[in-house]
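*Asks:* Sequences listed follow chains H and G, in order.
My numbering runs 149 ahead of the 1-based position in the first sequence.
My numbering runs 149 ahead of the 1-based position in the second sequence.
Because the hints were derived from the structure by calculation, they are not lab data.
Keep in mind that the hints are not guaranteed to be accurate.
No copy labels: a pair is met if it fits in one copy or bridges any two.
Only pairs whose alpha carbons sit at most 25 Å apart, straight line, appear in this in silico SDA-like list of lysine to any residue [stated by the list, open to error]:
(1) K159 to V225
(2) K159 to G178
(3) K151 to E192
(4) K159 to E209
(5) K159 to V219
(6) K205 to R186
(7) K205 to N217
(8) K205 to L163
(9) K168 to N184
(10) K151 to D196
(11) K189 to L214
(12) K159 to G188
(13) K205 to T175
(14) K151 to P165
(15) K159 to R224
(16) K159 to D226
(17) K181 to V220
(18) K189 to G161
(19) K205 to F190
(20) K181 to N217
(21) K151 to L214
(22) K159 to E192
(23) K168 to T218
(24) K181 to D194
(25) K181 to L227
(26) K151 to K205
(27) K159 to I170
(28) K181 to A201
Number of protein chains: 2
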Amino acid sequence: MKVHIHISLKNGVLDPQGKAIEDALTNLGFDKVENVRQGKFIEFDIDESDPAEARKQATEMCERLLANTVVENYRVDLE
Amino acid sequence: MKVHIHISLKNGVLDPQGKAIEDALTNLGFDKVENVRQGKFIEFDIDESDPAEARKQATEMCERLLANTVVENYRVDLE
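Please model the entire structure based on the sequences and the hints provided.
*Replies:* As structure tokens, this is what we get:
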């Protein structure tokens with residue numbers, strides 16, 4: 150089973166990388182772009198056939214290692 | 150219109166970050182996980198009502214700035 154995890158900064162947390170990308174895009178002439186936010190995503194295979202169990206494990210991975218839940222949100226998708 | 154861009158390393162390109170995450174997860178006891186890959190995603194608003202034009206611009210952004218097309222793939226989604 151394939152797991153996709155999206156990790157993004159919470160609303161209200163400054164995102165300097167996003168701001169840098171927005172400035173660079175504007176300088177290149179893409180001036181219709183705003184509210185750029187950058188996050189990361191992680192995908193992996195998990196040897197688990199029960200979707201509920203796979204989701205539970207992925208959520209625990211986020212809480213314990215992958216996301217900094219003070220400033221980041223995460224989303225788990227299964228495929 | 151909201152644009153989501155996923156950028157990931159091409160197959161065959163070494164992903165040391167993904168490997169580090171996999172090792173860390175294994176050390177934490179998540180031993181059913183394999184083939185961990187890490188990528189980034191970028192989301193932004195674009196002041197453009199035509200989906201085809203928005204996609205064209207987002208693709209151009211990827212080619213010119215956001216993705217290193219030598220080693221990275223990108224995917225554009227509109228919402």
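*Asks:* Against this structure, judge whether each hint is valid.
*Replies:* Comparing the hints with the structure gives:
1. For the identical chains of this complex, K159 and V225 are neighbours both inside a copy (16 Å) and across copies (22 Å), given an alpha-carbon limit of 25 Å.
2. In this homomeric assembly, K159 and G178 never come within 25 Å of each other (Cα to Cα): the closest approach is 28 Å inside a single copy and 28 Å across copies.
3. Within a single copy, K151 and E192 get their C-alpha atoms as close as 7 Å, and across copies as close as 23 Å, so both meet the 25 Å cut-off.
4. For a Cα distance limit of 25 Å, the shortest separation of K159 from E209 inside one copy, 19 Å, qualifies, whereas the shortest one across copies, 28 Å, does not.
5. Proximity of K159 and V219 under a CA criterion of 25 Å is satisfied intra-copy only: 9 Å inside one chain copy versus 31 Å between copies.
6. Within a single copy, K205 and R186 get their C-alpha atoms only as close as 27 Å, which misses the 25 Å cut-off; across copies the closest is 20 Å, which meets it.
7. Only within a single protomer do K205 and N217 lie at most 25 Å apart by alpha-carbon distance; the minimum there is 18 Å, versus 34 Å between protomers.
8. For the homomeric pair K205 and L163, neither the shortest alpha-carbon distance inside one copy (30 Å) nor that between copies (29 Å) is at most 25 Å.
9. When the C-alpha separation of K168 and N184 is checked against a cutoff of 25 Å, the pair qualifies only within one copy, where the shortest distance is 8 Å, while the shortest distance between copies is 31 Å.
10. For a Cα distance limit of 25 Å, the shortest separation of K151 from D196 inside one copy, 9 Å, qualifies, whereas the shortest one across copies, 34 Å, does not.
11. Both within a single protomer and between protomers do K189 and L214 lie at most 25 Å apart by alpha-carbon distance, with minima of 14 Å and 17 Å respectively.
12. For the homomeric pair K159 and G188, the shortest alpha-carbon distances inside one copy (10 Å) and between copies (19 Å) are both at most 25 Å.
13. Proximity of K205 and T175 under a CA criterion of 25 Å is satisfied inter-copy only: 16 Å between copies versus 41 Å inside one chain copy.
14. Taking the shortest Cα distances, K151 and P165 sit within 25 Å of each other only across copies (20 Å), while inside one copy they are farther apart (31 Å).
15. Taking CA atoms no more than 25 Å apart as the test, K159 paired with R224 passes in both settings, with 12 Å inside one copy and 23 Å between copies.
16. Taking the shortest Cα distances, K159 and D226 sit within 25 Å of each other both inside one copy (18 Å) and across copies (21 Å).
17. For the homomeric pair K181 and V220, neither the shortest alpha-carbon distance inside one copy (28 Å) nor that between copies (28 Å) is at most 25 Å.
18. When the C-alpha separation of K189 and G161 is checked against a cutoff of 25 Å, the pair qualifies both within a copy, at 17 Å, and between copies, at 20 Å.
19. Taking the shortest alpha-carbon separations for K205 and F190, both the intra-copy value of 18 Å and the inter-copy value of 23 Å come in at or below 25 Å.
20. Taking the shortest Cα distances, K181 and N217 sit within 25 Å of each other only across copies (23 Å), while inside one copy they are farther apart (31 Å).
21. For a Cα distance limit of 25 Å, the shortest separation of K151 from L214 inside one copy, 19 Å, qualifies, whereas the shortest one across copies, 29 Å, does not.
22. In this assembly of identical chains, the alpha carbons of K159 and E192 lie at most 25 Å apart whether taken from the same copy (21 Å) or from different copies (13 Å).
23. Taking the closest pair of Cα atoms, K168 and T218 come within 25 Å of each other both inside a single copy (21 Å) and across two copies (22 Å).
24. Taking the shortest alpha-carbon separations for K181 and D194, only the inter-copy value of 8 Å comes in at or below 25 Å, while the best intra-copy value is 38 Å.
25. Proximity of K181 and L227 under a CA criterion of 25 Å is satisfied inter-copy only: 15 Å between copies versus 33 Å inside one chain copy.
26. Proximity of K151 to K205 under the C-alpha cut-off of 25 Å is restricted to the intra-copy arrangement: shortest distance 14 Å within a copy versus 30 Å between copies.
27. In this homomeric assembly, K159 and I170 come within 25 Å of each other (Cα to Cα) both inside a single copy, at 18 Å, and across copies, at 22 Å.
28. With identical chains, the CA atoms of K181 and A201 are at most 25 Å apart between copies only, with a shortest distance of 15 Å across copies and 41 Å within one.
Going through the hint list in order, the structure does not satisfy hints 2, 8, 17.
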